[in-house]
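Chains A and B supply the protein sequences, listed in that same order.
Take the first sequence: its position 85, counted from the start at 1, is 71 in the working numbering, and no numbers get skipped.
Convert by adding 611 to the 1-based position in the second sequence; the result is the number in the working numbering.
Hints were generated in silico from the structure; no laboratory data involved.
The model shown is predicted, which means the values in this text are computed figures rather than measured ones.
Careful: at least some of the hints might be erroneous.
[Claimed, not checked] No farther apart than 30 Å at their CA atoms in a straight line, the calculated lysine-lysine pairs in the BS3-like style are these:
{"#": "1", "chain 1": "B", "residue 1": "K614", "chain 2": "A", "residue 2": "K43"}
{"#": "2", "chain 1": "A", "residue 1": "K30", "chain 2": "A", "residue 2": "K43"}
{"#": "3", "chain 1": "A", "residue 1": "K(-5)", "chain 2": "A", "residue 2": "K30"}
{"#": "4", "chain 1": "A", "residue 1": "K43", "chain 2": "A", "residue 2": "K0"}
{"#": "5", "chain 1": "A", "residue 1": "K43", "chain 2": "B", "residue 2": "K680"}
{"#": "6", "chain 1": "B", "residue 1": "K680", "chain 2": "A", "residue 2": "K(-5)"}
{"#": "7", "chain 1": "A", "residue 1": "K0", "chain 2": "B", "residue 2": "K614"}
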Amino acid sequence: NAGVTQTPKFRILKIGQSMTLQCTQDMNHNYMYWYRQDPGMGLKLIYYSVGAGITDKGEVPNGYNVSRSTTEDFPLRLELAAPSQTSVYFCASSPGLGAFFGQGTRLTVV
Amino acid sequence: DAKTTQPNSMESNEEEPVHLPCNHSTISGTDYIHWYRQLPSQGPEYVIHGLTSNVNNRMASLAIAEDRKSSTLILHRATLRDAAVYYCIPPGNQFYFGTGTSLTVIP
């Protein structure tokens, strides 16, 4: 069972570069989420989606964009990477109660 | 938005029960209480959820206070693999992960 798959697992970006973090789930869940986790801290919600074609901002959306063209995929786009975006990014999906998380993408911006 | 209060850290001896408390003073009647845990270098993992009555699954038990303003996650026999950060998610604010309780299991 694949569950929630995130790619890449690790990435180093230079300041000002852009990239897309991929997230796909095979559980047909309507709800999907992107979080970031800074060292020693809890998770902070970046964006979420309640279904294909619907997205909304979370607590820390600045510097990020998302799209949800299919139920399975929920990519996170970083435009003009900044050192403050160095973090571990987690994608999650949910059928409504309880969420399943991916293994994370560790991003370093230098 | 609803928040929770959890101790920053707790310790337990291996093979002993662990009771992890959480206060969620703002709660409505239809909001579920969720618990997750995060093992080192991994994504959070769903543990259990409940509404009013106590709940059990293969991982843990959840005891919910009668007024639902607090809950306790119970690990019946702590193992080394249970060392993790445990997050209590506020009812009605399923997006909020605070800093959780870091559980250390002592061999």
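These are the hints, each one checked on the structure:
no. : hint               : in the structure
1   : K614(B) x K43(A)   : holds (19 Å)
2   : K30(A) x K43(A)    : holds (11 Å)
3   : K(-5)(A) x K30(A)  : holds (19 Å)
4   : K43(A) x K0(A)     : holds (25 Å)
5   : K43(A) x K680(B)   : holds (28 Å)
6   : K680(B) x K(-5)(A) : violated (38 Å)
7   : K0(A) x K614(B)    : violated (36 Å)
Of the hints listed earlier, those the structure fails to meet are numbers 6 and 7, in rising order.
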